[in-house]
Amino acid sequence: MATPRPIAAFCSAADAVLTPFFLLIAVAAPLIDAQTVLPGRLFPRFLSDLKSWYADINGDYLMRDRPGFFVGLVWLEIAVQWPLAVANAYAVTVGRRRRCRWYPTTCLLYGASTASGMAAIVGELVMSGRGTKELMMVYLPFMFVSVLAVLRGLVSCSCSCSSSSIDDGSPKED
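The numbering of the sequence shown is full-length UniProt numbering, which starts it at 1 and goes up by one.
Since the hints were derived computationally from the structure, they do not count as laboratory data. Note that the Cβ used here is the ideal one computed from N, Cα and C, for glycine as well. Please note that the accuracy of each hint is not assured.
Unchecked claim - Listed next, with one range per pair, are the computed distances between beta-carbon atoms:
1) Ser128 to Trp102: 19 to 29 angstroms
2) Thr19 to Ile57: 24 to 34 angstroms
3) Pro39 to Pro6: 44 to 54 angstroms
Produce the complete structure using the sequences and hints provided.
See below:
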């Protein structure tokens, strides 16, 4: 059964938006964000300078001050979200030819995990009064992308099964 055109169009558009973010996270998480939780001596000076420049230019007090909840979220990003972003980047670039059937699942997992973390971060920015417009503009796109990833994970864009071929667990007559 072919995928209806509006759903296929949504999947294509969602993938076009998600792919650059997955590629960004695949690179930025281990090189920039990991500096929040790992010893500085593990990173070249230019990466440390880049992180400091980013924090200064955007007023990102979370990256600069490293409050405990933020450190925990960065560990979540490194342990869960980063591998999912790498898998998703693979699925939408190289794996497209192989029809990675697991891609919707990893999108859903990535989106739910990222949305949870972004809710905590945006809540902190708003409630503390320390979140500038510039800093909100850094974090809000990740909230949007996480919701889009959840929606992409919930929408099946290539269903090859019909309702009659689904095993409902009931005994079959021979």
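Results of checking the hints against the structure:
| no. | hint | in the structure |
| --- | --- | --- |
| 1 | Ser128 to Trp102: 19 to 29 angstroms | 38 angstroms, violated |
| 2 | Thr19 to Ile57: 24 to 34 angstroms | 26 angstroms, holds |
| 3 | Pro39 to Pro6: 44 to 54 angstroms | 50 angstroms, holds |
When the structure is compared with the earlier hints, a violation turns up for hint 1 alone.
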